[in-house]
Structure formats: structure tokens, C-alpha cells
Amino acid sequence: MSELTFQLAIFMQTLGGEADRIRRSLPYPAPFGVACPVPLPTYRPPTAMPSARHGPAFLYVLRMSGAEDLLKAGLTADPLARWSSFHPRWFEAFDIEHSLLVETESRSDAQALETALHRRLKAHACPVPLTMRAFAGGATEWFRGASLAAQDFVRSCEAQGFVVHADARGLIGASLHTQRHVLATVLDQAVRNARDGVLTPQEVDAVRDLAEAHGAFGGDLSALVTDEGRALLHLGS
2 MSELTFQLAI FMQTLGGEAD RIRRSLPYPA PFGVACPVPL PTYRPPTAMP
52 SARHGPAFLY VLRMSGAEDL LKAGLTADPL ARWSSFHPRW FEAFDIEHSL
102 LVETESRSDA QALETALHRR LKAHACPVPL TMRAFAGGAT EWFRGASLAA
152 QDFVRSCEAQ GFVVHADARG LIGASLHTQR HVLATVLDQA VRNARDGVLT
202 PQEVDAVRDL AEAHGAFGGD LSALVTDEGR ALLHLGS
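Offset between the sequence shown (1-based) and this note's numbering: plus 1.
Simulated from the structure, these hints should not be mistaken for lab results.
One or more hints might be untrue.
Computed list of lysine to aspartate or glutamate pairs in EDC-like fashion (alpha-carbon distance at most 20 Å, straight line) [what the hints assert, rightly or not]: (1) K123 x D70; (2) K123 x D168; (3) K123 x E69; (4) K123 x E142.
Let's have the full structure, built from the sequences with the hints guiding it.
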């Protein structure tokens, strides 16, 4: 990955609404577990990716962390890419272990389930939390006090024969693990930039968020970055 591509990847991460427009024009979902719309050279080519309009999709119930009963319900072909677009520390902002995924054979199936779930939760609709990235969209898909109703709906999906992931952590962790090569590339370039004195504080934060997302799901960074690199990037042990 060239230095220019790395700089663009981090820059695009914070572009806001413009990043959303660019992302929609690309055949890739956001790569490597952060909201970055730039297709990195080491990422899987479009032919290896499920289409946004065809192929398997998921209805999701994404719970916020904390005491308040707050969730987002939507659909996606790539839960990791979608969830990581909402918040730079998405792996802390959301209660992944208690978030739910309903796997469907097609996007149309997921859309039908999403519509039915939104209708059921209509009375629980609430504004988007202020901590969420506005450019991620889905402003009408947030609900307060709806966890029990959402759980009942997901159980009904399972009764209909849909595959349900009652703990999304396993699927998200597996998705992150398959992208370790991208993490290794980003860390290597970030260390090079840090040595050259061209890594900005914003880029340090973005790389740290990426690395700690992998660590939060059991990823071992010891083989990907040296002690010197950890120090340069302000990564924990």
C-alpha cells in the first residue's frame, strides 16, 4: 500500500457526508473494520465480495452499550463494515455480544424482515444518538426500549427457518480475523510514516482504533507490529 493510499484512507474516514457519497459509488464495502471508503490494494477484489443487491444479507439488531435500552435495526450484506461505520470505537460503543443477526438468502428477504420489524417497533422510534457518525445514515432506524420486542421478532424469524446468530460476536470476530492482512499492511505503513514524522494525531487515533478493534475480538498484534511500532503508534501492550 502506498503512502498516498494510506493517507487517503484515513482522510476519507473523516470526510463526513462526502465519504458516504464516495462509498456508495464503490463496489467494495468499507474495508478492515473502520469506516473507510477507499478500496485498499490488499483488500479482496470485487469479484470475491457479496453484491450489495444480490446474495446473502442480514437483518441486524445492534444494541448500544450501557444501561439505556437503545438499539438500531437495519439490514446489511456485511455487518462488520456497516457497524464499524457508525462510531470510531464501535467495538466499545455497541454491545456486540447481545446484538442479533438474522441471516437470509437474499437482500429482498432481509428487506421484508426489516420492514416488518420497523413496523413492530414504530412506537419505540427515537433520534440518532449524538455520538454516532451522521454520514453513516440509518437515521430512522433507532429505537428506545425495544429490546424485548426485537428479541421476540428475531425468535419468530428463527421459527420460520432463518439462521439466527444470537451472539454476533463470533461472526464479527471471524470477519475481522480474515482481514488481518489488511491490518498488517496498515500498521506497517503507519510505522513508516511515524518514523518519517508525517503521521498526524488524527491518523494515530484512527490506526489505534483499528488495532484495538482487532484486539477486542481476540486478535494478537504481537506478530504484526514490533515493540518499537507499538510505541510509535501509542498502542497498548
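Taking the hints in turn, this is what the structure says about them:
Proximity of K123 to D70 is assessed by CA-CA distance (about 15 Å); at most 20 Å being required, the pair is judged to hold. Of the pairs offered as hints, the one joining K123 and D168 is violated, with about 24 Å between alpha carbons and a cut-off of 20 Å exceeded. With a CA separation close to 18 Å, the supplied pair K123 and E69 stays within the 20 Å bound. Proposed proximity of K123 and E142 is supported: the alpha carbons are some 9 Å apart, at most 20 Å.
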